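Chains as they are written, first to last, in the numbering used here: chain A, 1 to 65; chain B, 1 to 382.
Check the hints yourself; a few may be wrong.
Claimed, not checked - Ranges between beta-carbon positions, derived for each pair: (1) 62(A) x 3(B): 29 to 35 angstroms; (2) 37(A) x 339(B): 21 to 27 angstroms; (3) 95(B) x 57(A): 49 to 55 angstroms; (4) 22(A) x 214(B): 34 to 40 angstroms; (5) 144(B) x 58(A): 35 to 41 angstroms; (6) 73(B) x 25(A): 20 to 26 angstroms; (7) 56(B) x 58(A): 55 to 61 angstroms.
If you're looking for bench data, these hints aren't it; they were derived computationally from the structure. Computed from a predicted model, the values in this text were never measured in an experiment. Don't be surprised by glycine CBs; every beta carbon is placed ideally from N, CA and C.
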Amino acid sequence: MSPAGANRNRRSLWTIFAAPTWIALASLIGLASALMGEGVWNLMAWAGVGVPVLAAVFALRYRTH
Amino acid sequence: MQQRTIRVWSGIHKWTSLICTAFILMLCITGLPLIFHDEIDEALDTQQWQPANPNGELLPLDRILSIALESQPGGTPLFMSFDKERPVVNVTTGPSPDAAAGDMHFASYDRTSGETVPAHENGVMDFILQLHTDMFLGLPGMLFLGAMGVLLFLAIVSGVVLYAPFMRKLDFGTVRKSKTRRIKWLDYHNLLGVITIAWLAVVTLTGVVNTLSTPILDTWREQSLADLAQGYDDQSVPDPGEMASLDSAVNEAVKAAPDKTLQFVAFPGGMWSTDFHYAVFLHGNTSLTQHLITPALISARTGEFTAMREMPWYVKTLALSGPLHFGDYGGLPLKILWAVLDVLTIVVLGSGLYLWASRRRPVTSEVRASQEANSPSVTATP
Numbered sequence: 001m002s003p004a005g006a007n008r009n010r011r012s013l014w015t016i017f018a019a020p021t022w023i024a025l026a027s028l029i030g031l032a033s034a035l036m037g038e039g040v041w042n043l044m045a046w047a048g049v050g051v052p053v054l055a056a057v058f059a060l061r062y063r064t065h
Numbered sequence: 001m002q003q004r005t006i007r008v009w010s011g012i013h014k015w016t017s018l019i020c021t022a023f024i025l026m027l028c029i030t031g032l033p034l035i036f037h038d039e040i041d042e043a044l045d046t047q048q049w050q051p052a053n054p055n056g057e058l059l060p061l062d063r064i065l066s067i068a069l070e071s072q073p074g075g076t077p078l079f080m081s082f083d084k085e086r087p088v089v090n091v092t093t094g095p096s097p098d099a100a101a102g103d104m105h106f107a108s109y110d111r112t113s114g115e116t117v118p119a120h121e122n123g124v125m126d127f128i129l130q131l132h133t134d135m136f137l138g139l140p141g142m143l144f145l146g147a148m149g150v151l152l153f154l155a156i157v158s159g160v161v162l163y164a165p166f167m168r169k170l171d172f173g174t175v176r177k178s179k180t181r182r183i184k185w186l187d188y189h190n191l192l193g194v195i196t197i198a199w200l201a202v203v204t205l206t207g208v209v210n211t212l213s214t215p216i217l218d219t220w221r222e223q224s225l226a227d228l229a230q231g232y233d234d235q236s237v238p239d240p241g242e243m244a245s246l247d248s249a250v251n252e253a254v255k256a257a258p259d260k261t262l263q264f265v266a267f268p269g270g271m272w273s274t275d276f277h278y279a280v281f282l283h284g285n286t287s288l289t290q291h292l293i294t295p296a297l298i299s300a301r302t303g304e305f306t307a308m309r310e311m312p313w314y315v316k317t318l319a320l321s322g323p324l325h326f327g328d329y330g331g332l333p334l335k336i337l338w339a340v341l342d343v344l345t346i347v348v349l350g351s352g353l354y355l356w357a358s359r360r361r362p363v364t365s366e367v368r369a370s371q372e373a374n375s376p377s378v379t380a381t382p
């Protein structure tokens, strides 16, 4: 990876939206899980809705130059 | 993406955001304590209430109702609801069956003694909730905030479209802190905006649905309950003195739905019933169906069981929009995540405002400058 984590070829739409799509899917599954039940469903909800928060932590920790 | 396309989407993003940002900021800030209203109420509630006769017999609902009406001369009953974990009945009364929320009177009664239960006094949280719901403007305020929600949703959609040209030459999550302040905040805005998108879209759309509760319930009464009013043509809404026993009405309802749990009773003439029926609402017992209520309608004058009516899809949507908006349906960890995402949204709004205030050139040159800022040979323009 170049110093700025960038400056290679132009990225395709899929490359640009891959991570955001997975994060959005995890969030939605999490939001729905807590409606379905307690116990394991709640764990799934926390994991799913936790994904965008972890993504923010990851980006601010490892992608900030 | 065509330069023209970028300009059009940028225009949509700018104007939808500018109009709604102040209100959405208010909603994010007031929403933050509301996520934890259960915990806050509990912490502030110092008095440990105990029923007068913990093992005593429960008084009939009719008795509680007459005590409540005696304390509010001239008042008419609107709702009766039941606490889950203590023998407490809550009675809402008002000057007329269709009284506005602000004119309603709410009191709680010990079912073992008929004495009043001290209310949870929490003026600050009530104030915040009212500000968040309708800004003290009633239905127009609620619908206005709903419209702001629609604008925020358009801002989210246009934001996703604009994300692509800005990210053409960047890895996901890159924040160029060493470049200009503007580039740094652009990167924060794009990153935090795109990761909160699904959550914010859900909270926004369910918030919009919640603002539509009055028209949704009006539609339900007209579509689902209209036929029940037939045969009552020349009658008025019954006075409390004309009403049949509430206890037997509730018993009829519980008998008709043995797999459900009693939640509240709506009296005739209000938003939640016809002019002539008790509507006894029961909810399911699974995690999903506990949010969904079904009314049993009982003729208020004769006490005769009339019908059990499953709610139409739009009332079910309204019911599920509650938890999905408040975030209070998956334990404390979900509430904490809700609060973090709320704060991230505040950063997105604030950085968006900063990017607009410090703008100096058209969006298309903005995209070019952002892409060129990666190249070490090109000095970023301030």
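Hints, verified against the model:
Residue 62(A) and residue 3(B) have their C-beta atoms about 33 angstroms apart, which keeps the hinted 29 to 35 angstroms range intact. Separation of residue 37(A) from residue 339(B) is about 23 angstroms and conforms to the stated range, judged on CB atoms against 21 to 27 angstroms. Between residue 95(B) and residue 57(A) the CB atoms are about 54 angstroms apart, so this pair conforms to the stated range of 49 to 55 angstroms. At about 38 angstroms, the beta-carbon gap between residue 22(A) and residue 214(B) stays in the expected band of 34 to 40 angstroms.
With their beta carbons about 38 angstroms apart, residue 144(B) and residue 58(A) fall inside the hinted range of 35 to 41 angstroms. Separation of residue 73(B) from residue 25(A) is about 58 angstroms and departs from the stated range, judged on CB atoms against 20 to 26 angstroms. With their beta carbons about 58 angstroms apart, residue 56(B) and residue 58(A) fall inside the hinted range of 55 to 61 angstroms.
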